[in-house]
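Student: Chain residues, written in single-letter form:
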Amino acid sequence: MGLDLLDTPVRLTWDFPDDATCQASTCLPAIADSIADGGVFFVTLQGSPLLHPAIEEVLELLGGGCQLLISCRGSAKELERLKQLPLAGCQILLDVSDFIDNNHGVATDRLHAVVVALRQLAVKPVVTLTPLRNNLSNIPELLRFCSEHQIAKLKLPNAHIGDSFQGYLTADLPRWQDLEDFRKIWLDFMENPCQLPTLEIHDLFLWEIMTPGQQQSRGEYGGCQAGNSLSHVDIKGVVHPCAAWPQALGKLPDQSLEDIWSGSERMVVREQISKVAAGCHGCRDLDICFGGCRGLAFHLNRSGEERDLMCSGPR
Amino acid sequence: MNNPLRSPDIVWRVEKRRQAEVLKALEAGEDVDDSGTVILLQSGMMHQLNLVGGLIWQQCDGQQTLAAIAAELAREFSVEQEEVESDVDEFVTDLKERGWLING
Chain L
1 MGLDLLDTPV
11 RLTWDFPDDA
21 TCQASTCLPA
31 IADSIADGGV
41 FFVTLQGSPL
51 LHPAIEEVLE
61 LLGGGCQLLI
71 SCRGSAKELE
81 RLKQLPLAGC
91 QILLDVSDFI
101 DNNHGVATDR
111 LHAVVVALRQ
121 LAVKPVVTLT
131 PLRNNLSNIP
141 ELLRFCSEHQ
151 IAKLKLPNAH
161 IGDSFQGYLT
171 ADLPRWQDLE
181 DFRKIWLDFM
191 ENPCQLPTLE
201 IHDLFLWEIM
211 TPGQQQSRGE
221 YGGCQAGNSL
231 SHVDIKGVVH
241 PCAAWPQALG
251 KLPDQSLEDI
261 WSGSERMVVR
271 EQISKVAAGC
281 HGCRDLDICF
291 GGCRGLAFHL
301 NRSGEERDLM
311 CSGPR
Chain A
1 MNNPLRSPDI
11 VWRVEKRRQA
21 EVLKALEAGE
31 DVDDSGTVIL
41 LQSGMMHQLN
51 LVGGLIWQQC
61 DGQQTLAAIA
71 AELAREFSVE
81 QEEVESDVDE
91 FVTDLKERGW
101 LING
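Taken in order, these protein sequences are the chains called L and A. When we follow the numbering used here, the leftmost residue of the first sequence carries the number 1, and every step to the right adds one. When we follow the numbering used here, the leftmost residue of the second sequence carries the number 1, and every step to the right adds one.
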């Protein structure tokens, strides 16, 4: 049975950019209240939420009913803030993008120091990296780091682009050609692999390379959940179908999540998703990937007839 | 006790708007077997239960016997308890095998 249209999202990302917009935003507690009222199960505070002055109030408002995942970029200020916050039940996502340089690889010494500091706070971080063109080749080195440091999970989410691409340039996003290069790097790595952490890979084509022969494990995947079980909220409370779909559906706290989810804009998005992308017709694997990341594909791959950016073409 | 109890590892909620729509469709004589009214998440995977399954699920608090759950379901749908007992039993057995329900 496929997943029907839900009353409100189940998983939601909420962006906290590290800039003046974030610091100046005063309605965060009201937005948090709206999210909690919406019955969302999992809320990921991404960007630099620990640097926001209202973070403690936000955690208190959301912590009662939602499971919280909090992004941390490993800065000294964030580590200091973590000491002061009530984090029971929260999962810390250590975003390692600042520790990776295309020329020098993973800054393992600096990253080691952060992992040690987090462990001293009794935090067992999930390591997270948004795969981009310039860091795909560093994934094996990052996996070796995770193995050496007994990191239980590595998460590779899709790029969140929001309304303004949030600092990612379109050119940063990996395409299928990059994935072909990565496939060779991955095969080399697998000749001498390490103990792998649990992998959470959002892009289906990257997942396919990194977890070969595991198609059954996605047997219940029913396709893109943007605007259904997934949602994304920006720092001003503007609600999007997901972090990779730059379209406003409504605004918290002016509207409730339930009202936004019953609105016509959301229904239009679900209608778009229900149609098979033109570039996917006739593909034998369509019932495995269901078109992949429809948000990125719809907005950035019109010449590829809206196929997932990392898909090389119908099979 | 062997009363069915929802696994604490599962998060779930009733889709109230959806449930109201399904009840309306049922009154209109439509087939609602494939329409979800309760969603649950187990090990990161999302599942949904239809109207009957969702009503049984909500009763599985570890306090209700299978007979009591069947009686409540029969009352809800204005049928005899005997008509739903085997359905309840089958559903609960299936969910126990999946680990979604445990013995309360």
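Keep in mind that a hint or two might mislead.
Unchecked claim - Pairs of lysine to aspartate or glutamate residues, derived as EDC-like cross-links and limited to a Cα-Cα distance of at most 20 Å, are as follows:
hint: 1; chain 1: A; residue 1: LYS16; chain 2: L; residue 2: ASP109
hint: 2; chain 1: A; residue 1: LYS16; chain 2: L; residue 2: ASP4
hint: 3; chain 1: L; residue 1: LYS124; chain 2: L; residue 2: ASP109
hint: 4; chain 1: L; residue 1: LYS251; chain 2: L; residue 2: ASP33
hint: 5; chain 1: A; residue 1: LYS24; chain 2: L; residue 2: ASP109
Calculated from the structure, these hints are not laboratory results.
Student: Given the hinted pair LYS24(A) and ASP109(L), is their Cα-Cα distance within 20 Å?
Tutor: The given pair, whose Cα atoms are some 62 Å apart, is violated under the 20 Å limit.
Student: Between the alpha carbons of LYS251(L) and ASP33(L), is the straight-line distance 20 Å or under?
Tutor: This hinted pair holds, its Cα atoms lying about 13 Å apart.
Student: Are LYS16(A) and ASP109(L) close enough, with their CA atoms no more than 20 Å apart?
Tutor: Given pair LYS16(A), ASP109(L) is violated - Cα atoms ~51 Å apart, limit 20 Å.
Student: For the pair supplied as a hint, LYS124(L) and ASP109(L), confirm whether the alpha-carbon distance does not exceed 20 Å.
Tutor: With a Cα-Cα distance of about 18 Å, the restraint between LYS124(L) and ASP109(L) holds, given a limit of 20 Å.
Student: Does the structure keep LYS16(A) and ASP4(L) at a Cα separation of 20 Å or less?
Tutor: With a Cα-Cα distance of about 13 Å, the restraint between LYS16(A) and ASP4(L) holds, given a limit of 20 Å.
The structure fails to meet hints 1 and 5 from the earlier list, while all remaining hints are met.
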